[in-house]
Amino acid sequence: MLKSFVSAKCSATQLTRSGLLILISLSLLSSCGRSPGVYYEQFLGFGTLIEVKIWGVDEKTGRQAVAAITDDINYMHQTWHAWKPGSLSRINQLLPTEEFFSIGPSVIPLIRRGSELAELSGNRFNPAIGQLIKLWGFASDELPKGPPPSATAIQELLDQKPGMQDLILDGVQLKTSNPAVRLDFGGFAKGYAVDIAIEHLKELGITNAIVNAGGDLRAIGKHGERAWRVGIRNPSGEGVLASVDTLVDESIFTSGDYERYYEYQGKRYHHIIDPHSGYPARGVTSVTVFDSQADRADAAATALFVAGVDEWYQVAKAMGVNGVMLVTADGTIHMTPNLKDRVYFDIKPAPKIIYSEPLE
Amino acid sequence: MLGQKLTSGDRLLLVLALIFVAGLYVVYWGQSVYGNQAAIAIAGKHWRSIDLYQDGMYKVQGRLGISQLEVHDGKIRFISSPCDTKQCIHQGWIGQSGEIAACVPNTISVRILGPDPRFDTMNF
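Listed in order, the protein sequences are those of chains P and S. Using this note's numbering, the first residue of the first sequence is number 1, and each one after it goes up by one. Using this note's numbering, the first residue of the second sequence is number 1001, and each one after it goes up by one.
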């Protein structure tokens, strides 16, 4: 009896010991590569999917932070929408009067910043061409079906040369000297909103986060001990073109001809309209801009797409962005040299890359 | 307890445990760039998770109607959706941990989950 008790006790001890070793091994394994402390939430806003990742906060803090920026984004989307009822659509109704009228204070910084970025871009980014965007049918939730607008209609708008310089802002009073001006902040409002969301997170004490609005993002801080990892989707097909580890505060914005387009009689017409020609810009498939400011990255992605292969470098330099990756229709990549050691290409065969001079 | 000598049974069990752990590593961490589950969300709210190694077709009811998803060999894609742009379908297969595909008009998103995300977020 005693013997069997001792034997049972011994077996139990051996099992406990072996079990402990297994547990230690498993716990060591499970601690590898896990990503603790990431709060993730997604919601619909700005007509797109907004994703928020915050590292190093508890669930309650994360939830409160996302709720706060959800309210921000919903308000901004409603206020700045070019064709749905709100402050901006009211402005567009009153601009043709060429008389001063009062505007909502929240739109004023958007107009000021939009004017500044338009000037820096040589008007390749031009938020005053709302009528041209509407003429092409892209000022709508639904895609246009074609046919494209007539050359005469396009030329009539171009001849009036609408630009942000035509706006006169006096306190909260706005007027224009050019009745052709209609505002459409589609090429820039999302970036501006992402900046505000990130600043709000910082005010809440959050230092490690990503706010991604429909594929355009700003990342601050890190994911624990490592940088945030961003995949850049292949603009010419499925899969990932490249990956990059973000700097401590970096925005990555892409404009591409695949985002909104329609085909008419075998020809593709996309939504990035060249304010100088009046037609969708040609020759480029996508432009990805890296910068500390999301609003500038957003506007620059549009401006550089319009500038094309020949002029993107000069425009990027004038706008003061940090880095650029431009993909042409034949898959060639034009890139600033400061991205050489940071951007890793995931496609095979490796793309042809042409490096520009440094931007600084 | 740990000061006692290991018996042959202990050693055998330890070896088996190490083989088991190594096997787990190869299966779950060795190809960690690939996810093992897809999280489906409707209007930003988690709906359900799908095992990427159980091939099949899934219908998801969104704001506009039904989007169809296909799962095959560790990847997932939209194959139909009642949206206007069909961007979700054009995106094709996704399978790397951290990749995301969405049909925004139909309020449906698909996010690849894995033990060590290849990407924290996607730019496009």
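FYI, nobody ran anything at the bench for these hints, they're computed from the structure. Accuracy of the hints is not assured; some may be wrong.
As the list claims (entries may be wrong) - Within a straight-line C-alpha distance of at most 30 Å, the following computed DSBU-like cross-link-like pairs (lysine-lysine) qualify:
#1 LYS84(P) / LYS1045(S)
#2 LYS1059(S) / LYS222(P)
#3 LYS84(P) / LYS134(P)
#4 LYS1045(S) / LYS1059(S)
#5 LYS60(P) / LYS1045(S)
#6 LYS222(P) / LYS1086(S)
To see whether the hints hold, each was checked on the structure:
1. LYS84(P) / LYS1045(S): Answer holds: LYS84(P) to LYS1045(S) is near 26 Å, not above 30 Å.
2. LYS1059(S) / LYS222(P): 37 Å, violated
3. LYS84(P) / LYS134(P): The given pair, whose Cα atoms are some 13 Å apart, holds under the 30 Å limit.
4. LYS1045(S) / LYS1059(S): This hinted pair holds, its Cα atoms lying about 16 Å apart.
5. LYS60(P) / LYS1045(S): Roughly 17 Å between the alpha carbons, so the hint for LYS60(P) and LYS1045(S) holds.
6. LYS222(P) / LYS1086(S): Given pair LYS222(P), LYS1086(S) is violated - Cα atoms ~34 Å apart, limit 30 Å.
The structure shown violates the earlier hints numbered 2, 6.
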